[in-house]
Amino acid sequence: MAGKRRRFVVAMVLLCALLFVAAVVAVSIGTTGQRLVGFSEAAKALVGVSVSEEVKTIVQYRLSRVILAAIVGATLGAAGTTLQALLRNPLADPYILGVSGGGALGASLYITFGAPAAAFAGFAAAAQWSGFSGLAAAAFAGSLTTSVLVLWAGRQRGHILPGTLLLVGVMINAICGAGVLALTYLTDVARSHDIVVWLMGNLGTLYLSPAALGIAGAAAIVLTALLWLLGGRLNLMSLGDEEATHLGVNVGRTRLAAFVLSALITGLSVALAGPIGFVGLVVPHIARLIVGADHRLLYPAAAVFGAAFLILADAAARAAALLPHGQGELPVGILTAALGGPFFIWLLRTRRGRYFE
Amino acid sequence: MVYAVRGEDRLVGIAQFSDYPPQAMKEKPVVGGILNVDTEKILALKPDLILTPPGAMASEKLCRLGVRIQYTPDKTLDDITSSFVTIGNVVGKPLEGQELAKRFKAGVAAARERNSHKQPVRALLVIGYEPLWVAGDYGALNELLEAAGGINAAGAVKKDFYAADIETVIAARPEVIVDLTLKATDPPSRRDAAKAFWSRFPSVPAVKNNRIEFIDVDLLTIPGPRLLEGLIGLEAALHSGAKSVSDTNLSTDAARR
Numbered sequence: 001m002a003g004k005r006r007r008f009v010v011a012m013v014l015l016c017a018l019l020f021v022a023a024v025v026a027v028s029i030g031t032t033g034q035r036l037v038g039f040s041e042a043a044k045a046l047v048g049v050s051v052s053e054e055v056k057t058i059v060q061y062r063l064s065r066v067i068l069a070a071i072v073g074a075t076l077g078a079a080g081t082t083l084q085a086l087l088r089n090p091l092a093d094p095y096i097l098g099v100s101g102g103g104a105l106g107a108s109l110y111i112t113f114g115a116p117a118a119a120f121a122g123f124a125a126a127a128q129w130s131g132f133s134g135l136a137a138a139a140f141a142g143s144l145t146t147s148v149l150v151l152w153a154g155r156q157r158g159h160i161l162p163g164t165l166l167l168v169g170v171m172i173n174a175i176c177g178a179g180v181l182a183l184t185y186l187t188d189v190a191r192s193h194d195i196v197v198w199l200m201g202n203l204g205t206l207y208l209s210p211a212a213l214g215i216a217g218a219a220a221i222v223l224t225a226l227l228w229l230l231g232g233r234l235n236l237m238s239l240g241d242e243e244a245t246h247l248g249v250n251v252g253r254t255r256l257a258a259f260v261l262s263a264l265i266t267g268l269s270v271a272l273a274g275p276i277g278f279v280g281l282v283v284p285h286i287a288r289l290i291v292g293a294d295h296r297l298l299y300p301a302a303a304v305f306g307a308a309f310l311i312l313a314d315a316a317a318r319a320a321a322l323l324p325h326g327q328g329e330l331p332v333g334i335l336t337a338a339l340g341g342p343f344f345i346w347l348l349r350t351r352r353g354r355y356f357e
Numbered sequence: 358m359v360y361a362v363r364g365e366d367r368l369v370g371i372a373q374f375s376d377y378p379p380q381a382m383k384e385k386p387v388v389g390g391i392l393n394v395d396t397e398k399i400l401a402l403k404p405d406l407i408l409t410p411p412g413a414m415a416s417e418k419l420c421r422l423g424v425r426i427q428y429t430p431d432k433t434l435d436d437i438t439s440s441f442v443t444i445g446n447v448v449g450k451p452l453e454g455q456e457l458a459k460r461f462k463a464g465v466a467a468a469r470e471r472n473s474h475k476q477p478v479r480a481l482l483v484i485g486y487e488p489l490w491v492a493g494d495y496g497a498l499n500e501l502l503e504a505a506g507g508i509n510a511a512g513a514v515k516k517d518f519y520a521a522d523i524e525t526v527i528a529a530r531p532e533v534i535v536d537l538t539l540k541a542t543d544p545p546s547r548r549d550a551a552k553a554f555w556s557r558f559p560s561v562p563a564v565k566n567n568r569i570e571f572i573d574v575d576l577l578t579i580p581g582p583r584l585l586e587g588l589i590g591l592e593a594a595l596h597s598g599a600k601s602v603s604d605t606n607l608s609t610d611a612a613r614r
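If you read the protein sequences in the order shown, they are chains A and E.
According to the numbering used here, the stretch in the first sequence is residues 1 to 357, in order.
According to the numbering used here, the stretch in the second sequence is residues 358 to 614, in order.
Just chain A, with the same shape it has in the complex (with noise of 0.2 Å):
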């Protein structure tokens, strides 16, 4: 039992320090690569040092983009975490619940007719002030409405089964895809190709104020701490229901607060950053063969590691810009799949698929 806790202790030092190395190294990339900010600029600027105006607006900008990548890093990893359990499914995301099939039409609706609706002057103003914007007010309530509406189809005399919840969800997004393609086909070329961008993923596109960032934090923070709280229900659940019961979980209620926390962290990061892939996916999986299958380690984990991972491939999307012939940076979705993908090959090769058994 010390031995195990050790090694969990040990595990999250390390992740951590993965993160700081992370948020570092990204604070220090950009695309105007070592030109005007490098990583003793962006050391002095962040110590507080004096530094020109522009050194200390482009530090501001990409600290502001680590701080958004860890929010959405770390909250899809503890979604996925989630999905995977309350599925009991290894290839469940984040999204698979109709979540982002309800944020791209939310988004692609805005897109497509909201602009002009935001200009009232209410909504311009609060805008403004929070530097949250239209587009990912749309998006969250696009998720959080087909969300609602999954919960309420998949209860079948007021149980949550996870069979009926997956199907149910998988038809809500296909049923937004069908909306979001017919809108992004009628609409204008510049909006649709606008729509598309956005559907790739990519933490570019919001320019969040620090408060806007400090509630989207907070948020995050609060949520996936409730997420953890159910960690312990969770590894009772996955023995099945009937042994959880016995045992004192009551699994309706533990899989509705699952099901809602993350349905609401989820939209948030699909508000946030489009729906970016393989995070929720890879994740789970990676920090488990870190921690074990134990939710109240995996949470954690999977949050920090999220994070970091998140951090780095935003990094490598930013820097693709100084690649030659560049034309600037990549949306992140691509490099997550890149990135995660054969990461988890090979991290299942050198473990000789352990953990499957």
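Check each hint, because a few of them may be wrong.
Lysine-lysine pairs mimicking DSS-like chemistry, simulated, CA-CA at most 30 Å apart [what the hints assert, rightly or not]:
hint, chain 1, residue 1, chain 2, residue 2
1, E, Lys-565, A, Lys-44
2, E, Lys-450, E, Lys-475
3, E, Lys-450, A, Lys-56
4, E, Lys-515, A, Lys-56
5, E, Lys-552, E, Lys-540
6, A, Lys-56, E, Lys-565
7, E, Lys-418, E, Lys-459
8, E, Lys-540, E, Lys-432
9, E, Lys-398, E, Lys-418
10, A, Lys-56, A, Lys-44
11, E, Lys-462, E, Lys-450
12, E, Lys-450, E, Lys-403
Calculated from the structure, these hints are not laboratory results.
Start from chain A and add chain E according to the hints.
Same frame as chain A, but now just chain E:
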């Protein structure tokens, strides 16, 4: 452009989003846009000729209709000038087409001449936010910027439009930001949203000196004689108030006559 050469009586159908001149949308049937061209409707109108810019996804579909197609390139200023002539020819108004082309060319040349002795102003041409779309170093818009005495701050990328990242924009230090995201009909509160966006990057000279200018997007992005109006607007935006008198109001002249 067809209206500008006064060939509108030969025009039997227009593409979606063709909203200038305004009477076009009321008078002529709409046959769909680049992505959703309505081939049945086109065939029902029995045109002798289809005018379209080359390279659009719809071109293949249009080819198969069996109707003669005349391509009207519109990427660069030269393309647009020669398209005036081409359109004039095919609608039976060759003189008007050539006249239009001549005056368009003269208008741009005059602007270039006017601004050649001035220090080029570094400008960023913004087409959209979320993500940040800008004009790059290619195409009619970029050429107009240069004729107006500007130099493209986002000119590192040789595309007509692309998504720029804010860091490169900050590093490029544009002196003027020309916001081309709004139409003349949009409410002024949207300008505030744009200004609020830029206020987060105070190191940019354009932001520090409050040089964020707004020009009707249609005047500078839709190929046609109105680009000259846009050019005047650009000049004014870049040189803050150096509006020059010029008789280049081609489109309104042509429509009035």
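Verification of the hints:
With a C-alpha separation of about 23 Å, the suggested pairing of E/Lys-565 with A/Lys-44 holds against the 30 Å cut-off. The straight-line distance between the Cα atoms of E/Lys-450 and E/Lys-475 is roughly 39 Å, outside the 30 Å bound, and the hint therefore fails. The straight-line distance between the Cα atoms of E/Lys-450 and A/Lys-56 is roughly 59 Å, outside the 30 Å bound, and the hint therefore fails. Proposed proximity of E/Lys-515 and A/Lys-56 is supported: the alpha carbons are some 29 Å apart, at most 30 Å.
The suggested pairing of E/Lys-552 with E/Lys-540 holds, with an alpha-carbon distance near 16 Å, which does not exceed 30 Å. With a CA separation close to 15 Å, the supplied pair A/Lys-56 and E/Lys-565 stays within the 30 Å bound. As the CA atoms of E/Lys-418 and E/Lys-459 are separated by approximately 34 Å, the hinted pair breaks the 30 Å bound. Restraint check for E/Lys-540 and E/Lys-432: the C-alpha separation of about 21 Å stays at or below 30 Å, so the hint holds.
Proposed proximity of E/Lys-398 and E/Lys-418 is supported: the alpha carbons are some 13 Å apart, at most 30 Å. Between A/Lys-56 and A/Lys-44 the CA atoms are separated by roughly 9 Å; this keeps the pair inside 30 Å, and the hint holds. Under the criterion of a C-alpha separation no larger than 30 Å, the hint pairing E/Lys-462 with E/Lys-450 is consistent with the structure, at around 19 Å. Distance check on the hinted pair: E/Lys-450 and E/Lys-403 sit about 21 Å apart at the alpha-carbon level, within 30 Å; holds.
Violated hints, listed in ascending order, are 2, 3 and 7; each of the other numbered hints is respected by the structure.
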